[in-house]
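Assembling the complex is the task here: the two chains are given apart, and the hints tell you how they should meet.
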Amino acid sequence: MSAQVKVYLDNSATTRPQDSVMDAMREAMSERYFNPSALYGPALDAEKLLTGCRRDIMQALRTAAGRVIFTSGGTEADNLAIIGAMKRAQPGRVLYSAGEHPAVAESCKALSTMGHEAVEIPLREDGVLDLSALEALITDNTRLICVMQINNETGAIQPLAEVAALRDRLCPAALFHVDGVQGFLRHACPVSQLGIDSYALSGHKIHGPKGIGALWVSNRVKLQPLAHGGGQEDGLRSGTENTPGIAGLAAAIADYPRQNDMRRMKLMLYERLRESIPDMKVNGPDPASLSAADHILNLSFPPVRAETMLHALEAIGVLVGNGSACSSRKKKLSHVLSAMRLPAADIESAIRFSLNPFLGAEDMDCAADCVIRNYDALKHFTRR
Amino acid sequence: MRELLMVRYGEIYLKGLNRPYFQNLLLARVKSAVKAYSSNVRLHDSRIYIYDMADKTACLEAVQQVFGVHSVCPAVEMEKGDFEKVCEQGLQLMEGLSGSFKVIARRADKLYPLDSPQIGAEMGGYILSRRPDLKVDVRKPDHELNVEIRDLAYLYSRVYPGPGGMPVGSNGKAALLLSGGIDSPVAGYMIAKRGVALVGIHFYSFPYTGERSKEKVVQLGRILAGYCGGLKLYVVPFTDIQMRIHESCPEDHTTLIMRRFMMRIAEKIARKEQAQALITGESIGQVASQTMNALACTDAVAGMPVFRPVIGFDKIEIISCAQKIGTYETSSLPYEDCCTVFTPRHPVTQPKLDKVEKAEMNLANAEALIETAVNDSEIIEI
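Protein chains in written order, with the numbering used here: chain A, 1 to 384; chain B, 1 to 382.
Here chain B stands alone, though its shape is the one from the complex (with noise of 0.2 Å):
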């Protein structure tokens, strides 16, 4: 007898001759999120077996985060031979339990002298007849005991889920624009969710924000690095064009032309990594730069597609998304992300392209800040 996490996916079953591909990704995935706990790692019967683990709750935990995975169960796997012995496995992990419960069984072995309906009345029997304050329940049980039949015997009562999605990685690379607020890491998890590997960007103004709104960044991209198995983060000096675009560009039309800039200098980033896309935080009409209008302004200068997977949140969902993904309280932390210094008091929300790009003019050198930038980024392998 030994225990066991048993991994199992979601859509990478609905791959067709390429199913290979994914499933080794996400092998490859899942050993290196539980390789603190546990190096006995393997893919069998189209699910993936974690064996010899350190610590059980962390490597659980750990699985759990593994987009591209659907669901993870503490299982016991033993030999089917003696069937008895089996069913007291069974009881066994019933003990704490209440209430209702069923047996699933499910034979893959068609050898076996038992088969499936027999297996589960022979085992709720036997249970029941141990246990007479537990009762059956067909129909909506409060517990599942779960029997699988295979070569050897699997016995488990817990589902857990996984966060499913795609292997991160099958589904190329993409720069996030992370400002340490709370909209930018949720549309960075959704993103990588896809299987989508993650660039961070952050600008960084100096001396308007220091080093502990530096260290938050740090800390958001720790944390969607846990889902996404590593994360670059580019931290970018941007105090200069800030103050070049405060100096030269009409007030109202100052933060638009900042986010066009953050625009080019992302997708230098992004080409540089060889990302296929931007992604950002923006949600439609939160504020003055995410009006439609604007939008249209800033993607006007950007040579990729931009993402924007949480354009149609609304701030209470994709709080409750941070909260869930763990970004939340780092997000909130009260250090400075972009100077308010900068924010014009009464920013234009129904900007013209061509007016844009009429002030835009007044900053001579544009492309030279643009490469400075994109140059003494400091870059942090998280």
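Pulled out of the complex, with its shape left as it was, chain A reads as follows (with noise of 0.2 Å):
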């Protein structure tokens, strides 16, 4: 039943590496392979490429302070930040936001058996974290507040700059962690003048390797390491260093188109979409709005469901996500859009677009095309 691939708007689950980056990771195979560690000359060829790819991120990140830790991933890099930040801090309250990814809302509880109080903040129903009602949570012993740059679900990009000055406003001492897998490269993120003590990043979703991603830290976070052994990455993350992923990883960076039309591409499609069907929903935020990410757009179209929508549209070759993992037997709902309050019905119906930047007017037209012919097909079948 599988078609051929025509349009993927799947890019926020997984992006395909530029070709550019199967070249730096092939070569980094054939010629680079030796051990960054190791005291030979050509071995410092191999750290060279770890030396510039730190830098290439923090360049990303616009700061020169602080350091780059890489490990296999971003849930790596989010319980490094989280739990090798904690576990040797006062007990205190740890505050993360409901739409939290799961690596840092399970790293958050996970605290709990050190003495720390987990706490979720609330979202509005747009899905943009609730500033007044984190105000009202910051305490004094609060020692660590998680909240992520861009919802993966929803593209509702999170004010974070504010979240830094009521931190700075009421426990100056509180670190500030970020999950910015969705939002590395795609929106700006300049940690160090947003107040941002570690940012956590991934390289599958900006078109790099799988296992691959990166935490960085300020220098006031006194980490402590999860993975022991050899000592390398500062003895914070040990383990001989992923070279091939770190060199595809950096050539993901640099590559990144970051002039891009995906904001322009999404509206369109978000369009095309209200136009033929009055009775979509849009879960998140306005896409037109600021608080919008360029490349996530979040969509229910009752009633027909999530489950559905997705297969037919895999049958014409339009892969998209669906932001609700549900079924007849367990009905599990998407947490964020729960948090969001938002009616059941939507959120069984939720379909999420993901973009990439490589993606034009027609991929839009022809994603337009076979949801609106599906939903006039399907949405007679339903319950009556």
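Relax, there's no trap hidden among the hints.
With a cut-off of at most 20 Å between alpha-carbon atoms, the simulated SDA-like pairs for lysine to any residue come out as follows:
#	chain 1	residue 1	chain 2	residue 2
1	A	LYS379	B	GLU251
2	B	LYS324	B	GLN65
3	A	LYS379	B	PHE342
4	A	LYS379	B	GLU247
5	A	LYS379	B	SER248
6	B	LYS355	B	LEU295
7	B	LYS31	B	SER71
8	B	LYS173	B	GLY229
9	B	LYS31	B	GLN65
10	A	LYS379	B	THR239
11	A	LYS332	B	ARG212
12	A	LYS379	B	HIS246
13	B	LYS102	B	GLN92
14	A	LYS379	B	MET243
15	A	LYS379	B	CYS249
Pairwise CB distance ranges, derived in the manner of DEER restraints:
#	chain 1	residue 1	chain 2	residue 2	range
16	A	ASP19	B	GLU211	24 to 30 Å
17	A	PHE358	B	THR57	48 to 54 Å
18	B	SER98	A	THR139	58 to 64 Å
19	B	LYS35	A	LYS332	37 to 43 Å
20	A	LYS109	B	HIS346	37 to 43 Å
21	B	ALA368	A	SER276	30 to 36 Å
22	B	ILE284	A	LYS332	28 to 34 Å
23	B	GLU88	A	THR113	53 to 59 Å
24	A	PRO102	B	HIS346	34 to 40 Å
25	A	LYS332	B	LYS355	34 to 40 Å
26	A	ALA288	B	ALA368	46 to 52 Å
27	B	PRO334	A	ARG274	29 to 35 Å
Treat the hints as calculated values from the structure; they're not laboratory data. Every value quoted in this text rests on a predicted model; they were computed, and no experiment measured them. Backbone N, C-alpha and C fix where the C-beta goes; we use that ideal spot for every residue, glycine too.
What follows is the structure in structure tokens.
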């Protein structure tokens, strides 16, 4: 039943690595395969690769302070930032937004075994963090606040500067961790200027390889390692460095088209769907507003269920994501959309379109056509 | 001395003149089950012996899945001439065991100098003298050490149960309606255990269900195939029929009419595959389509016997059986099997056949729809 992939619109799940990324990885494996820790000359080449990539990441985050630690991906970077920073901290309060990815939310909850109290910060109905609620939650003993840069399901851009300002006013000692997996390179995030203490990123969301990520930390974070061993990454993340992955990440950062048309493409898709499907609902901020990310559009087409729409689109080569992983047997609605207090029917029919910079107007037309055609056919076959 | 597995069969013993037929069928099933681990499998003395195993544990587990096997014992085969050596081997088999034991001796070779009670007593004494920590208990021992004196001596201390039943293929073939849920694999297992070969039939409702739900059914088929040595799975495209029913029949009758279409399609496939019956995982009253009246309406379109082996089981009993045969975890994966979109909110629970038949009349070209579904089925050999 699977057709050839014509339009890939699940770029928040993962992206296709650029050709230059694959070339760089191949070269790293065939030519620069030496252990960066070795003493002989060729190993130095491998080490330069790491240094170069660290510099590229810091440049992208517009900072000269702090350091970059390579990890196996976004999840490990979040774990290291949260658990690594809180391991030796005085027991206190840890705040995380209700829209956080499980990599952050579960790490925060895991801190309870170390005596910390993990508390969720509510979202507004448009998926943006509720700042007044945060203000009420920050206590003197708050140790850490975790708010993501861009929500992976709704594309809601979070008010990082405002969070930092509240922190500075109410509990300046608290650390501020940002999961930047969806936002890195797509939207600027000058970490030092914003008062962020740690920032996690992942290679495969920006057309780089899977299995590589990084954590940037400011100088005031006192990290404890989670992986012990040979002492690589200043003892914070032992294990021989993943040089092919790092080479791929460096190439992905270098070649990511910073100037792109994603926002225009997203709005084109949105407008076409809105014209033809008046019952369509937006899950998240108004797509045209400044709170909406360039690349994510979360829409519901009630009464057509997300899974049905997804498979119908799949059959004609259009791949999209479903925000809510649900089934007839085990209803497990999206925690993000639930936190936004959306009606269950909207959550069950929520589809996430996530773009990349390489898509054009013809791709948007094709996707819109397919959604409209399927919606018209499927809307009749629903529970009466 | 060599290690082997000794396989015993149960019900086949009760067979009369056609016993060799069943024995050979079982031998073929055992051979096929263990072919990855051993090619030296023999029928001898009304038992099956497996030698030269590459992986004893895996081989044992494979045999334990073969229908018709009553029990299987990891055993040692050796020369019987030097009785002291036989005793020494018995002692070795008791290694690592504690508590009480009993030696059970069987002397098939009536020329052997010691008779069964003597063998038991001698060997028990030999072991006790070297393992004073053990006790003999002839009534309720913790361990039974078996010694058989045939043309060679065989010793074993552990007996693992087989599934029982009859070798698959000895009782014909039936078509199993496999949904992806918990009940139907159990129903298939129970009938296959009686020696019946299976053909699987799955109704696929793309785009209401996706590749993953199909893959789940293939996985269930693979687990069943482990017991019945292979399975042919028909994946029937069913969406068109469901949509047509939804469009043209009264809502409260849609599920029942859908079940009747499933039966008609299944029967056609069954006949094509020379199968003699249908199997479903239905259980009285579990859902609206499984009340007695509803089952009667479903049966009315079936031209062959419909077996429902879990008909009298509670869900809990079915689940515990699914856990035992290893299908529960896969069945519990969250991918949808039959879309809830097509499930009426208030299905009729006490349908009348004439009303159902009348409701079905609204569907034009039913025969052609069935024909297309059968012909467009995807066949997966597992």
